[in-house]
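Student: Chains as they are written, first to last, in my numbering: chain E, 1 to 686; chain Y, 1001 to 1182.
Accuracy of the hints is not assured; some may be wrong.
[What the hints assert, rightly or not] According to the in silico footprint, chain E covers these stretches of chain Y (three or more CB under 8 Å from chain E):
{"id": "1", "segment": "1040-1048"}
{"id": "2", "segment": "1053-1065"}
{"id": "3", "segment": "1098-1112"}
[Unchecked claim] Distance ranges between label pairs, derived from CB positions:
{"id": "4", "chain 1": "Y", "residue 1": "A1061", "chain 2": "E", "residue 2": "I322", "range": "44 to 50 Å"}
{"id": "5", "chain 1": "E", "residue 1": "P120", "chain 2": "Y", "residue 2": "L1107", "range": "48 to 54 Å"}
{"id": "6", "chain 1": "E", "residue 1": "I322", "chain 2": "Y", "residue 2": "F1104", "range": "25 to 31 Å"}
Keep in mind the hints are simulated off the structure, nothing from the lab.
A virtual CB, placed ideally from N, CA and C, is assigned to each residue, including glycine.
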Amino acid sequence: MHFSDFGFIALILALGFAIYTGCSAVVGARRNSRLVLASAKRGVLVVAFFLVLSSAALIVSFLSHDFGVSYVAQHSSLAMPWYFTTAAFYGGQEGSLLYWALMLGIFSAIFALTAKRTVPVLVPYVIATLMAIQTFLLIVLVTVSNPFARLPVAPPDGVGLNPLLMDPGMLVHPPMLLMGYMSFSIPFAFAVAALITGKLDSEWLRSIRRWTLAAWTIQTTGLILGAWWAYHVLGWGGYWGWDPVENAALLPWLTSTAFLHSTMVQERRGMLKVWNLVLVVASFTLAIFGTFEVRSGIISSVHSFAYSDIGIYFLVFLVIVIVFSTLLFLYRLPKLRPEQEFDSPISREGIFLLNNLLLVGIAFATLWGTIFPLISAALRQQTMTVGPPFYNAVNGPIFLVLLLAMGIGPLLAWRRTSLRTVWHNLGVPALAAAACAAILPLAGVRDIWANIAFAVCTFTAGAIFYELWRGMRVRHRHGEAYPQALIMLIRRYRQRYGGYIVHLGLVMLAVGVIGSHFFQVQQDATLKAGQEMHIAGYSLKFYGNIGETYPGTTSVKSILQVWQGDQYEGFIYPGRVFYQNFGNQPASIIAITTFGLTDVYVFLADWNGASEAMIRVFINPLTPLVWYGGAVMLLGGIVCWWPERRKRSVIKLSEMAGAVAQGERAVATAKQATKPTGRDDEEIVV
Amino acid sequence: MKQRRPLLIGLAAVAIVGAIWMALFLRNPPQQTLDQRVHTIGEQLKCPVCQSESVADSSSALAQQMRGIIRQQLQEGWSDQEVIAYFQARYGEQIVWSPPWQGFSLLAWLVPIGLLLGGAVLIFFILRDWRTLSPEEGERAYKAELAHVDEAELAAYRALLEEELAEEDPIFAQPASGTEES
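Here chain Y stands alone, though its shape is the one from the complex (with noise of 0.2 Å):
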């Protein structure tokens, strides 16, 4: 019974973070205002009159007019990726700031993506690679490693250590050389 009860606990917590979730969220997902959409559509986009900027944060007149041109559209009801469409068809793929998912830029997410995951395998594999000794094996093994050792000698190595612990700690030493060491 001991061992259930923080299973059940954080079972609870669980249960009730994803009922406030689910109402919050799922039920009546956050609107975005106008602002916020335009800001949003602008951080895609490149200013392309400025070094690594994006539309949203440049001070530029381009990007001036272009975040007003960003929410007229919106006004009318265009949706966000028929914007970014429209500024890509004038101003080249250069000005959408994420490559795109298709064709050669999807190299870009895909590598780094795949890489991740391969290094991900190759550390499971190298795990169990390492993990040569089971755990039973492991246990015979070290019991044959210590049958080698003398229990006298170890008794002498663990005698020490912890003197030279009790040494090292001022709270296991007497109270006189505590103060001295601090």
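Next up, chain E with everything else stripped away, as it sits in the complex (with noise of 0.2 Å):
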């Protein structure tokens, strides 16, 4: 008896009680069975359970180095430190789709152990959707993409991992997006639970909303660091290619994104209900779709890992995800109307709406670019590459749109806005990007759609910080300091202010990537030792190579001297490591070394003997902004998420709620008195 065998069984254990929970949870909400739907809350719990043991034995597995297990044997070897085996758990296909089961059991979890907060009547039905779901991942798990199946003689040493994962990224940034991707379960699982009973009230919103927010975090989380993985491995001097696992990556935070922009129509003013759950269930389509197109290795891409056959399960789960919502999207449409009319598109919710068609047609394009190889092969036999400057054509003008109208948006007033209002809250803002426009050809920008970009980031970041300090100045006339202002005013509005900071965040990226992508300079030199290059003001003296040997693993590294004009900055060591039984492709170790913004990004490309190196030399401006911005993009995603305390005013609130609620029905007979037709399935929507 092996570990592995324990996790084996824990799996199966996890599949049965998953599709005990999912039943258990209809017939508890059809019946109205209390004890039933008690059974099912513990159930999730206890296939939480399970899937922990599983992947604890797993990492057992790998730290033992198991190699009877022919998924440690594959990915694992006796030379590679504790960290890094660990890590392997998620390092090819098995694992991360155990890891994946993993993440939906706790997230499942911990939706079951905070119910108390949502609707009753929707929490089987979550439960029985989330539930579906996992009984997918532990049927191919179970059957096809086994993690513990045994070899029959265990070799003496595995193959170790794959060199371009042997790399402190591979610790943070896989596990994050494939969270990420998890992670929109559960909106979705809200969202069928919403259309099965017809309940969208107000709590519902929060709910789902609150858990897209998360979901958001940490695709975003998973996004910047994918980026900075590619940046610090790959050796292209970029951290974005385009390429369609990025791709993938990015449509579900595409649509997510558009998703908590409407959700705020839909919660000020009743309307765009069947959009944005439409909104929901393509994010997490998308997700899905993602995993399909990586795995079953359709389409080629930097980032993949791992190929199988598996594709074909997802191809179907997919199918049956679309069916199934669509389905229900018929059976519930004719209830969902909006409360209420739109009055001026000069309006934040106007705004929104344009919000959500850049957002949803950035996705279509980069949905469309990738899928567009595989059409082409299909109707004309012809293979074609569909790669960055197509999307950078396409996406680049409707980004710098929605960047534009992310300085407008916050400062339009629900429902309508007179122009005066927009000039005067937009004044300060698009001076400042006219100073912006005028001076930076003066100083030497030489792009102009460069210039209009800077220009446009300028006027967001100005509207942002005008809001800011408006906010600030009302607060400190009252008697507060500005900094104990502008802290008290993001505890008091968190979603408010955690949104700008969220906007702040995108706006330092948009910078980031406007220089990179405009400024970047590159150049490659053949230097013997002694001889020195220039590029950019910056010098780098090239020494000689030395080559180093470990257990498992030899590397050759570069010793070069950095100057920035005169000034002496240090050594850098740029070299390549070889891994055992990866031969072939070494990983490359690169330096990087930022100057104030600029990163000097030195990847070696050839060696010959002790005292020749080739190198590439990039100096990519404005770079460390992209890492900076997606650091405070999470920080914004963290405030807006953040739980509201519980006040001892709650009690006031909801008596308060209350007689709102009788003035709404003295509004809504009044509206009944004018308008008789038309109101008859008030119960649904309210």
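Build the complex: two chains, separate frames, hints provided.
Tutor: Right under this line is the structure:
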């Protein structure tokens, strides 16, 4: 009996309990039986428990180097340090699927434990949907993609991990991104539950938005870490290449961003209900599509390390999800009516619609570019490629308009805004943008698109700061010092100011992207010992190569001295590492030195003995802003998400809510008096 | 007069920016160096032996060779299009990274752009549909709604709201309760 056998048994038990839990949740809801429902809630915890057990078994197999387990033998070796050995858990397909199931189990358990905060009617259906997804994953894990499958004869040593994955980024990026993919299933489950029960009230909206916000924050972190990993490992000087896998991760992020914005319209005005549900379902579907695309290997990519035939399972699952959601929509559609009318296109609702159009437009263009080679191959039998120039040309301008809308939106009022107020609010940022557009060309920024883009960034950042300043000023007048006023503002109106922080992070990121896209300088050089090269004000002097040998790896490093102008800045050691069993694909050690906001990125392309090296040097201006912006976005996401403290005035608030409801009823009767028709299904709407 | 002023400032700003840009970009458009031109062309071409890397970015031997050829051809006075056409003739259509603006691959460009424009039109119609009430009608309907609500009742709600707001936010409240809150 091995630990892996325990793991497999735990998987089967988890599968059994997942099926039981899903069924009992539905039965409990239909029969309205409290006991059965309580049993379903505990079932969720049991499934999570067995998945934790199973994952622990896999980790123990890895750490005890049990190469009798095929997965362990293929993804680890004796020479690997313990942290990479542990991370190899999600380094291949079987393990990453198990990691998915584990995350879904944990998220479901968190949901079950906090279910009291949600509308009780929804809980069983959310649980049932989650368990249906879980059942699918566990069936795949138990049948075709079993991480615990054993080899007839255990090899003395394992193959080891792909060299590209032997990087600190591996410890954080894949788990974050996989968790992000999976976390879209909770909003999806909420959407399904709402469609089944017809209960889409404000409580539902609050819950689904919090879960989506959590998913969005995780996915943002995953994407940024992915870009960072690519920047540090791949050696082409960039961080985002519109690679199919990167696109697949971006798609659900885009649709969920659209959702987070359009729910505000639903919250304030009761409009766009169907659209919001579509966005939630689309986010989940796109996450599954991404997995299908990556796993099936139908599209080649730099990020995928595991191809197999489980793609077809995901395709079938994808079809089931789409058909099921469409049927639910058709069933519920007649009862989803907007509660209020639209007043004016120049209002915050209007700009949210524009925001949604642009985000979904980017998502569609990206999806279309990703699958177009497949369409072309199917219809014309001609392979073709769609690469960065296409995405930059199509998505670049849309992003720019989006950035502009991001500056205008928060300054518009709900319902309608007069042009005078618009000018009053936008005047200062617009002047700042004009100043930027006038000064930058004089300062030597000679690209017209870069200028426009920087001006838009200035405008949006200016609008955000102006808004912050106005809020602070109001509080300052009431006797708070400015820093305190800022903190109080953020604490009081977390969603609003958290949103501004996210926007600010995005502007920083955009500036970084613009800088590195338009102003990257690159130079190749072949240097003999003692020679130097000059690039964009920096000098590199080559001293020679050194070789090092460790158990399992050998490496070559070049010794270079960096000078900025006349100032000596230190030594750098770009190099290559050869891993045992992966001799023909060395991993790169890229030397990145950051001077202020400029990266000097040195990649060792080739070498000849101890005294000659071919290096590629990139000067990447403003690139560090991408990472800083990402960190700010993460911070903003957490601020938005952070739970409100339960206040002592809750009772009073609820009393007031009752009073307001009375008032609304009065208004509703008044409306019915003026408009006698079309209000007969009010009870579902509210 | 007061309302005109921002408009004039705006116009002046646009004029200044326009003049600077005219002088800098249109009179003497920025010249690319040979290195930059090689890089720009290299970015349009997919490295045939790599996985999603461009000729400009890849460090493979073939990409280095191709960069050399591009440099040579540019020095001989070829135009950017001619260089790209040369590689396309040798390696097939899939070496060009953005689908060409012709034939079937035109769809790659037109479908997203068309859908985006279609979406914009759709939103326009949705907005028009939703705006069933013109401003005057809306005003009338609003008054009609209010006519049925007792004025005294409304005043009571307003007072309640004020009170709640004051309690919510320390800047409206008494200093004592404010410190307790934070």
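Student: Next step is simple, just say for each hint if it's right about the structure.
Tutor: Hint check:
Proximity of the segment 1040-1048 of chain Y to chain E, defined as three or more residues with a beta carbon under 8 Å from a beta carbon of that chain, is established by the 3 residues found. With 7 residues having a beta carbon nearer than 8 Å to a beta carbon of chain E, the segment 1053-1065 of chain Y meets the requirement of three or more and the stated coverage holds. Coverage of the segment 1098-1112 of chain Y by chain E holds [criterion: at least 3 residues with CB-CB distance below 8 Å; count 9]. Taking 44 to 50 Å as the suggested C-beta distance range, the pair Y/A1061 and E/I322 conforms, at roughly 45 Å.
A hinted range of 48 to 54 Å for the beta carbons of E/P120 and Y/L1107 is consistent with their spacing of about 50 Å. A beta carbon spacing of about 27 Å between E/I322 and Y/F1104 agrees with the range 25 to 31 Å that was offered as a hint.
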